[in-house]
Structures are given as structure tokens and as C-alpha cells.
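Peer 1: Residues per chain, in single letters:
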Amino acid sequence: MQPALHVHNLHKTFRNGHNLKAVDGVSFDIFPGEIFSLLGPNGAGKTTTISMLSALLRPDLPSDGASEIAILGHSLQHEPRAAKALLGVVPQDIALYEDLSARENLTFWGKMYGLRGAALVQRVDEVLELIGLTERAKDRIGKYSGGMKRRVNIGVALLHRPKVIYMDEPTVGIDPQSRRSILDGVMALKHQGMTVLYTTHYMEEAQELSDRIAIMDHGKLIASGTHAELIQLVGQKARLILTVNVPTDHILQDWQAVPGVFSVVAADDTLTLLVDDTNRVLPQLFEIAASRGVRITSVDIQEPDLESVFLHLTGRALRDA
Amino acid sequence: MKSLAIAFKDLTHSFRSTFAIIFMFGVPLMVTGLFYLMFGSLSADESGFNLPPTKVVIVNLDAGDPQAGQLGQIMVAALQSEDFASLMDISLSPDSASARQLVDTQQAGVAVIIPADFSTSFTDSQSATRLELYSDPTLTIGPGIVRSIISQFTDQFSGIKITVALALKQAESGQIEYAQIESIIADYMAASQASADPQSLIESVTPTAAPQQNFMLTLIGPIMAGMLIFYAFYTGVNTAMTILKESEDGTLSHLFTTPTSQTEILGGKWIAVGLTVLVQVVTLLLVSRLIFQIEWGALPVVALVALAIVCSASAFGVFICSWLKNTRQGGLIFGGVLTVTGMVGMMDVFTGSPGDPRFGFWPLITPQGWASRGLLASMNGAAVSQVLPYVLALVAMSIIFFIIGVLRFQKRYA
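In order, the protein sequences belong to chains A and B.
Those letters in the first sequence? Residues 31 to 351, per the numbering used here, in order.
Those letters in the second sequence? Residues 4 to 417, per the numbering used here, in order.
Among the clues, some could well be false.
Stretch by stretch, here's where chain A covers chain B in the computed footprint (C-beta under 8 Å, at least three residues) [as the list claims (entries may be wrong)]:
#1 63–70
#2 259–270
#3 291–297
Within a straight-line C-alpha distance of at most 25 Å, the following computed PhoX-like cross-link-like pairs (lysine-lysine) qualify [as the list claims (entries may be wrong)]:
#4 A:168 / B:5
#5 A:51 / A:179
#6 B:5 / B:414
#7 B:5 / A:193
#8 B:414 / A:179
#9 A:193 / A:168
#10 B:328 / B:172
#11 A:168 / B:248
#12 A:173 / B:164
#13 A:168 / A:179
#14 B:248 / B:172
#15 B:5 / A:179
#16 A:179 / A:220
#17 A:51 / B:414
#18 B:5 / B:172
#19 B:328 / B:248
It is worth saying that the hints were derived from the structure and are not from the lab.
Glycine residues also receive a C-beta, built at the ideal position from the N, C-alpha and C atoms.
Can you build the whole structure from these sequences, using the hints too?
Peer 2: Laid out in C-alpha cells, this is it:
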């Protein structure tokens, strides 16, 4: 099957004095109708990857062969117009004209995607209906709430009925209701047969939406697969989240030495441990804490999830990475 | 088509911005309007300085002289002639006290009191008399004019008196016959009567140098021209800066993700800059014509110059913005580059000496200087061939600015 999006060997280094390697040999394929999530902490290289896939950044020429980006067989480098015509992009930041109304914005962007005349008018009406802003179509974007702007931002990318849509952290900084609406919208796109590349640093979103997930860290894809496949990477390891009454460095090294503890991550007064057998490990942790005069104030035991996967693969917590 | 859609969107943006509207149209018209209000009252009929007539009250106490006649009456008649009607509003008073009273109560500006021995003093070479001018101390120009006119008369009468005295002396010394004195005096009196005609004293000259010498073109016209050019260049930079603003807002990046080429996107932005400046320049030309009655010149000439101004202001905007990293630097540009180039280019206009050659070539190192010279030439009735050097210079500058600016932007967004 021809992938909807074929990405091979992407590299990008920013030469701003530090030679920061933002993306390092990223490759993946997304097949038609899939929702594929790029999950990783802030600074993992997700937005840089999306920028290259959107033709906003030119990938570096890798030393180990050529890089390639193709949308339904159209090379982004060699057939940019044809490739972009199949693509809709929802940028991370709102990219709308605040002094134009929602209808004027959609009409303008529709023209940029090649729509004209009656077809454009009809499609703008459809998209306004889809994003639930028909009643406020004449209001200027500047008067909209953050959530409404996000919906228009997504609507712009849907105007030309793209085959592939990129959504770069579309739920950042919005209220829970708008977030729920966007997540439902993404699922609706999948049901319409659209291919979605979704980037997020929210584990729950990736888990809920995705057919497949790729975990990214320090510019590299460190794992990819379905949710179940990724969980298998950590086996039966559970996550223990313990809160203590003193600075965590009092006890960190002692707990790391306990048999059955695979990793310990400390942040403020909280320690996150990846362990293979909760029932066996937990009494030893309490015993060591008591001997050091440390009081454990809360315990949370979590079944294996993507957070555990990230912890397992990187030795760091996803949220705090 | 996509370029036009981008241009139309930018035009909508520009003309929905109150700030932009104020600076594009409001400020240039307002500044010119202030000058118009400050100086406009001095030019009610557009023919120059206009002073209301000074109220003059005359007291003629002259008793006359058998030989010299009624010189006081001659003077009164002359002052009452129509030729002085625009300068003096004459009335007569029977006595000097009443006349002074009228001046003291500011019902008259000047009282002219002709003494009783005014005529007699001209036949007696040894005697002297004094003509009194009693004037309102709060007035300056009016009494000065009256004094000047009276002096013309008294000088002529003094000439007659000197002639009579000289003829008598010559007769006494035998140079002429006494019998000739009468005819000499008669000839001189006839000549002085003729020269007492006010029209021979004051010649009213109407400027023949054409309408361009009128108040609007010599003061308000150049100021409006300067404002138009200054703010056209401001608009050029301000509109070109939308590309930096779009870059910061993320909409430019979003545009690059659509199936729209870089040439179409940047081309649309440049069209928007040109159209915005064009709308501004045409509007200012028309509105200032309607409000201030400014004659911009023959239509083909002013159209040619206006197009050259639009091209140069737009290209200059693109050029300047291509050197900016972000819109935060815009303040420095408006405050610095535009002010300096604008002031250098139009230093002759802003110092009230449009076209003064003492400023040399300095104004012409900036596009505003060429634009200013071209527009002023059009206002002074120049033909197309006469403004062509200015137009060609502006077009050449525009091409250079535009190429450099576009290349820099294309490199930036490659």
C-alpha cells in the first residue's frame, strides 16, 4: 500500500552557535486513514519535523544518503505544488488575520488553496457549520475566544478537503471544552478517511486518538507502534509515584539500589519509579524511608502506559523531560 | 489571481486600521489645514495682503491765499479721490477738537489738521507752517500709510514754494525779467496741479506673473506637496512592514504551506504596497484640490509625477523593510530613516523656500527630493518634458530599491 505520508531520513541542525541537532534521522510512514501521533516532550523536535514536512524548513542533506518526504507519492521537494495541494496544516500558533472576520479568513485561505467562485462560497459555509461558528461568521477573529480561534485555525486546513492533515499541538492553551471538541473533530476526520499526523506532548491525547504512535526525544524517534505494542516495551512494569516530606535527594540513591526498581525520577517532593513487582518492592521502599526518618505522604500505583514507556526508554518522565 | 487575493486582503487590512487611516490621510490634511487656517485669513481674495481702509478725519482750516489759491482744498479733494478709497475712509470735521475726539474714541484712526496759513506759507518764502497728523497709538500700519500719502503732497507743495523763491531771486539778480516770474509760476503750478493727481503719486501694479504666484501655491501648495510625499513614503514602509508582521504572526509561514508559490505570495504583498500608496496619493491630491483649491498642474503631468511618487514610495518601503529583522525595529525606521530622508529631500519646502537653489544637490540624494521637485514643477505649470527628468530619476531609484528589496526578501524566505 502506498503511504499517505512517506518520511525518510530527515535531519536538521540549527547552526546558531550551538549546532543544535533538532531532528536526527527521522523516518516513518503513515498509511491512508491513519491517525499517527508524534509524542514527545517540549523541545523533542516535533515542530521542527512538522516544519520540514510542511516545506517551511529545508531538511539538511544527510551524509548517509538522501532524505525524502512524499505525500501520496508526490515528492515535497520536487513537486511542491502537487504535494501541498493534498496537504492541510494546522499550525501550533493561531495563524489567522485578526482584523478579518471568520468568513473573510476562510474565503481568503480557500483562495490560497485554489478554490474559486460558488465552490468556495459553499465550502466556506460547510466549514463554518463544521466548526460551529456559522452564527458568528461575520465577527472579526480578534473578538473570538482562544478556543474559537483554534476551531477556525483547524477549519482553514480543512477547506480544500486535504488527503493528509498535520495538526501541531492543536490543544495547547485552550479550555477543556474546546479541547474535547477538537479531539472529537480529529476522530471525525479519521472517519471521513483523512490521514492525520498529530503532534502532542499530552500522553492521554496520543493514547485516545492514535492508531500508531511514535515517541520522539532529542530529535530521534525512539519507539513507534500501536499503543499496545509500545506498552509491551515496558512489559509488566508499573509506575509508582510517591510523595515524601523532605527533599528527594535524601532517599533517591537508596531507592535506586532496591532490587526490582528500574528507574527513579525525582522532581520537587515527588519520586516516580518504574518497578516490576509492586507488592514486593513497595514494603522495601517504606522500610528504607523509615530508617532514614523520611515520611511517605502519598503513594500512587499506575498500570503501564505511554508515560511508563517514555520513562523506560529515556530514564526521564515525559511531562518533566 | 492568488497575488491579487493577497493584495486585496492587505488593502482591507490597511483601510480597516484607524491608525493607518489617520496617518495616511488625516495627518497630512490636518497639518496643511492648520497652515491654511493660520495664513488663509490673509488671503481672502487670493490676491495678496489685504488691509482694511484706515478711517481718516480731515479738518481743513486753510484760509487760502490770493496768489497760491486754496491749497488745503486741493489736498482734501485729492485725498478723497477714488484712488485712495481702498486705503483711506475719509470724513470731514469742522474743527480740530472734534477730530481729535474721534481719534481718542477710536472712531477714526487718524486726524489730518490743515492749518489756516497752509496756502499763505507757500507764497512767503520766509514763513513755515505745520500740518498735524493726530493718530491712534494702537494702530501702526494705517497711520503710516496716511503719513506717506500726505508727505507726497507736502513735498510737491514745497517744490512749488522753492520754485517761486528761486524765480524771485533770479529776477533780483537780473538773470530773468520780473515779467517772466508770473509765467514761470503759472507753468510750475500747472505742472504741480497735474502731478497732484493721486494716480501720478501712486501706481497700483497688479502682478502679471500668473496664478502660481498666489498664496495657495506659494505657501499651502508646497506644504501639502511635502506632506503628501512624506506620508506616501511613510505608507510605503508601513504597508511593506505587513510582511514582517505576517512573519511574526505565523500567517506568512501558513501561506507557504499552501500550494502558492513564493513569487505569488511576495508579489501579492508588493502589489498591496503599491495599491495602498496609490489610493493614498490620489485621494490626497483630489481632497486637497477640493479643500484647499490647490492647482496640482496639468492632468497628464501630475498623473505622471504621482505615479513616479507611488513607485518610489512603494519600492523604498520594500527596500527599507528588507533590512529589518522584525516590526520592533519599525519605530527606529519611522523615527530615523524616513524623517532624515524626508527632511533632507524636502528641506527647501519645510524651510518655506521651495525650489531654493541654495540647498544645492542635497535634496536630490533622496527619492523624496526628486519627488518634491517633480511635484512642485507640475504645480508651477511645467510640461511633461520638463518633469520627465524627475520622473525618470524616481523610476530609476524605484527599480534599484525594488530589486535589492525583493532579492533580500526572496533570500530570507527561500
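Peer 1: Take the hints in turn and mark each one as holding or not.
Peer 2: Quick rundown of the hints versus the structure:
1. 63–70: Violated, because only 0 residues of the stretch 63–70 of chain B bring their Cβ atoms closer than 8 Å to Cβ atoms of chain A.
2. 259–270: Satisfied; 6 residues make the cut.
3. 291–297: With 0 residues close enough to chain A, the hint is violated.
4. A:168 / B:5: At roughly 23 Å apart (the allowed maximum being 25 Å), residue 5 of chain B and residue 168 of chain A satisfy the hint.
5. A:51 / A:179: 33 Å, violated
6. B:5 / B:414: 21 Å, holds
7. B:5 / A:193: Answer holds: residue 5 of chain B to residue 193 of chain A is near 22 Å, not above 25 Å.
8. B:414 / A:179: 32 Å, violated
9. A:193 / A:168: 29 Å, violated
10. B:328 / B:172: Violated, at about 95 Å.
11. A:168 / B:248: 24 Å, holds
12. A:173 / B:164: Given that 25 Å is the threshold and the Cα spacing comes to 93 Å, the pair is violated.
13. A:168 / A:179: 14 Å, holds
14. B:248 / B:172: Roughly 97 Å between the alpha carbons, so the hint for residue 248 of chain B and residue 172 of chain B is violated.
15. B:5 / A:179: Measuring from Cα to Cα gives roughly 24 Å; hence the hint holds.
16. A:179 / A:220: Since the Cα atoms of residue 179 of chain A and residue 220 of chain A sit roughly 22 Å apart, the hinted pair holds (cutoff 25 Å).
17. A:51 / B:414: Roughly 23 Å separates the two Cα atoms, so the pair holds.
18. B:5 / B:172: 103 Å, violated
19. B:328 / B:248: Holds, at about 10 Å.
Going down the numbered hints, you'll see the structure goes against 1, 3, 5, 8, 9, 10, 12, 14 and 18, while the others check out.
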